[in-house]
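Novice: Spelled out, the chains give:
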Amino acid sequence: VSSYRLRLTAAAALCVVLLAAAPTVLGLFPISLLTEALIYAIFAMSLDIMLGYAGLPSLGHAAFFGAAGYAAALLAIHTHLPLFASYALGALAGGAAAAIFALIALRTRGVYFILISLALAETLQGLVSGWTPVTGGTFGMSVPSYTINPGGGFYEIVLAIAVVSGICMAVFVGSPLGHVLRGIRDNERRASSLGYAVWLYRFIAIVVSGMFAGVAGVLLVMFNSFVSPSNLDVTVSANVFLMVIVGGSGTLIGPAFGAFLITLLQALVSAQTDRWLTVMGIIYVVLALAAPHGLFNAIRKVPLRRILMPLRSSSTTSPSGSVR
Amino acid sequence: VNFWVLTLLNGLTFSMVLFLMAAGLTLIFGLQNILNLAHGSFYILGAYIVIEVVGWHDSYLLGIFAAMVVVGVLGILVYRLLLQRLGQNHLAQVLLTIGIVFIVEDIALAVWGGNVEVVPAPAPFNGVLTVGAVSYPSYWLLVIVVGLITAGCLALIQDHTRLGAMVRAGVDDPEMAQGMGIPLTLISTAVFGGGAALAALGGALAVPITGVGVGTDFQVLLFALVVIVIGGFGSLRGAFIASILIGVLDSVGRAEFPALDLFAVFLPMVIILAVRPTGLLGRK
Chain A
1 VSSYRLRLTA AAALCVVLLA AAPTVLGLFP ISLLTEALIY AIFAMSLDIM LGYAGLPSLG
61 HAAFFGAAGY AAALLAIHTH LPLFASYALG ALAGGAAAAI FALIALRTRG VYFILISLAL
121 AETLQGLVSG WTPVTGGTFG MSVPSYTINP GGGFYEIVLA IAVVSGICMA VFVGSPLGHV
181 LRGIRDNERR ASSLGYAVWL YRFIAIVVSG MFAGVAGVLL VMFNSFVSPS NLDVTVSANV
241 FLMVIVGGSG TLIGPAFGAF LITLLQALVS AQTDRWLTVM GIIYVVLALA APHGLFNAIR
301 KVPLRRILMP LRSSSTTSPS GSVR
Chain B
1 VNFWVLTLLN GLTFSMVLFL MAAGLTLIFG LQNILNLAHG SFYILGAYIV IEVVGWHDSY
61 LLGIFAAMVV VGVLGILVYR LLLQRLGQNH LAQVLLTIGI VFIVEDIALA VWGGNVEVVP
121 APAPFNGVLT VGAVSYPSYW LLVIVVGLIT AGCLALIQDH TRLGAMVRAG VDDPEMAQGM
181 GIPLTLISTA VFGGGAALAA LGGALAVPIT GVGVGTDFQV LLFALVVIVI GGFGSLRGAF
241 IASILIGVLD SVGRAEFPAL DLFAVFLPMV IILAVRPTGL LGRK
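Taken in order, these protein sequences are the chains called A and B.
Mapping of the first sequence onto the numbering used here: position 259 corresponds to residue 259, and the numbering continues sequentially without gaps.
Mapping of the second sequence onto the numbering used here: position 28 corresponds to residue 28, and the numbering continues sequentially without gaps.
To be clear, the hints were calculated from the coordinates, so they are not data collected in a lab.
Honestly, I wouldn't trust all of these hints.
[What the hints assert, rightly or not] If you want the ones that stay clear, here's a sample from chain A, every Cβ over 10 Å from chain B, calculated:
#1 Tyr4
#2 Leu6
#3 Thr9
#4 Gly27
#5 His80
#6 Leu81
#7 Ala96
#8 Ala99
#9 Val134
#10 Met141
#11 Leu177
#12 His179
#13 Arg182
#14 Ile204
#15 Leu242
[To be verified] Derived list of chain A stretches under chain B, where covered just means 3 residues or more per stretch with a C-beta under 8 Å from a C-beta of chain B:
#16 117-128
#17 243-251
Built from N, CA and C at the ideal position, the CB exists for glycine as well.
Only chain A is shown next, with the shape it has when bound in the complex (with noise of 0.2 Å):
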């Protein structure tokens, strides 16, 4: 197990090399591409941490998103902070809706909780749609844009944000606080009866969740210098879930990996075609049927080694001297 841990972090190691130098072979366009991808991921493995992880599915994830979004636009146009902790703010602002979040949700399990986590979210958006003297309305609000020369700098911001993000889910799932969740998501009644607090480990896990979403939201808005209520669009939610379906829930990389694929397929299948949605549709379908588990699990669970292995090598392991 640890030589495969090893060589996934070799891969990612990798990826972050690759994405780092990203920058010099391509344009403008294939980067912001890459940015918006890179703060999907971060989105995506916050998603996994209660979807994966905990066991809680939520299909409203893009309140935490939304929420640290506007808390930031909101404190970046009307306080004198500095820009970057007014952004700090509303990435702790993703963590302070998941805990008043997580009060309510916390009761339910399962289906529930994917369906009042959409109500949840749908309120929410409800509220900031409604409320149009603060958040601007339907409008949204143009936020000041974080002043670095367009195209470059902020890429690579993302990317380490990114891989800053990415290092601290993969430890906080990896201390014994994640492999208690992990416990709990696997057998409830056993974790409670062993004296842990489930309930307090579930919240904790949904306001970790939360401020990374909200990590990524910010970054979204910074991305966008815009917020509307379309942040918080249930399409949003399920864009993510399904990123985290689609690579792999409990696995951290496959979320990255799955928020890379869904944000690139989506921008080169609608380059192509007016029918993307189609398209994007009947792939859902068909990974649905082929990898219910997700790629990531689907694709650790083809034997390479035996596959790849050459021919002559295995004859060498047949009993020598029966030839003769």
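The hints should help you fit chain B onto chain A, whose structure is shown.
Specialist: Chain B alone, transformed into the frame defined by chain A:
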């Protein structure tokens, strides 16, 4: 008083459409533990088929019939060919049914365009009914009547037929029901097809009132999900009560605070779930 009567009637009309959507959704969840997010697609397909048939043949009744048959068959195919293969994997179900939502939405966009499509109410019901000081479009009343009749029929089937007893047994304890020799797969197929047909009926009935356009599918689905959560999964009665509650609340919300109209619907759900996590009449 006048205002409140109208608001109440508006709400009841919407309630009936909601109930038609929610009935199939809640039963199939109770029976097979399947979360079908494509139920809203059945609804808009029903609506679009009525528009087509009325365009060709000018017969509203034929349109409703065609919508129910076509969408019912489609529902059976989706269940038998796709959803059944996934077992109890909720995440894969979400992935698959959202895929279907995308496909249907895009086909609708390609065939019928992005505008909201409406058909006029059919001939004898396109007027206004006046009782005392209150005037009300008679078609809306017709929808309420049809909804109540359907709900009554479903309650009769559920309570007084062999099929209903088997469905109830399946919702209560699927494994035990199967062990007793109840052909659960067959029944689930029938319920899925019937549920899809009812959703199509809902869409077909609603199209002269609300029209149908891009995003209608997700909108009705959200409301139907709220209804089955409040009513309790697998409970037809719960779905009926919740439909009326949500329909009326939504209507009042729209009339009183139009900006916060979604809020008026989702807040009660949050409160009810927080107090009673299994819904009003749910047991699981």
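Novice: Take the hints in turn and mark each one as holding or not.
Specialist: Hints and how they fare:
no.: 1; hint: Tyr4; result: 24 Å, holds
no.: 2; hint: Leu6; result: 29 Å, holds
no.: 3; hint: Thr9; result: 26 Å, holds
no.: 4; hint: Gly27; result: 30 Å, holds
no.: 5; hint: His80; result: 31 Å, holds
no.: 6; hint: Leu81; result: 30 Å, holds
no.: 7; hint: Ala96; result: 18 Å, holds
no.: 8; hint: Ala99; result: 15 Å, holds
no.: 9; hint: Val134; result: 13 Å, holds
no.: 10; hint: Met141; result: 17 Å, holds
no.: 11; hint: Leu177; result: 23 Å, holds
no.: 12; hint: His179; result: 22 Å, holds
no.: 13; hint: Arg182; result: 16 Å, holds
no.: 14; hint: Ile204; result: 20 Å, holds
no.: 15; hint: Leu242; result: 6 Å, violated
no.: 16; hint: 117-128; result: holds (count 8)
no.: 17; hint: 243-251; result: holds (count 3)
Hint compliance for this structure: hint 15 alone is broken.
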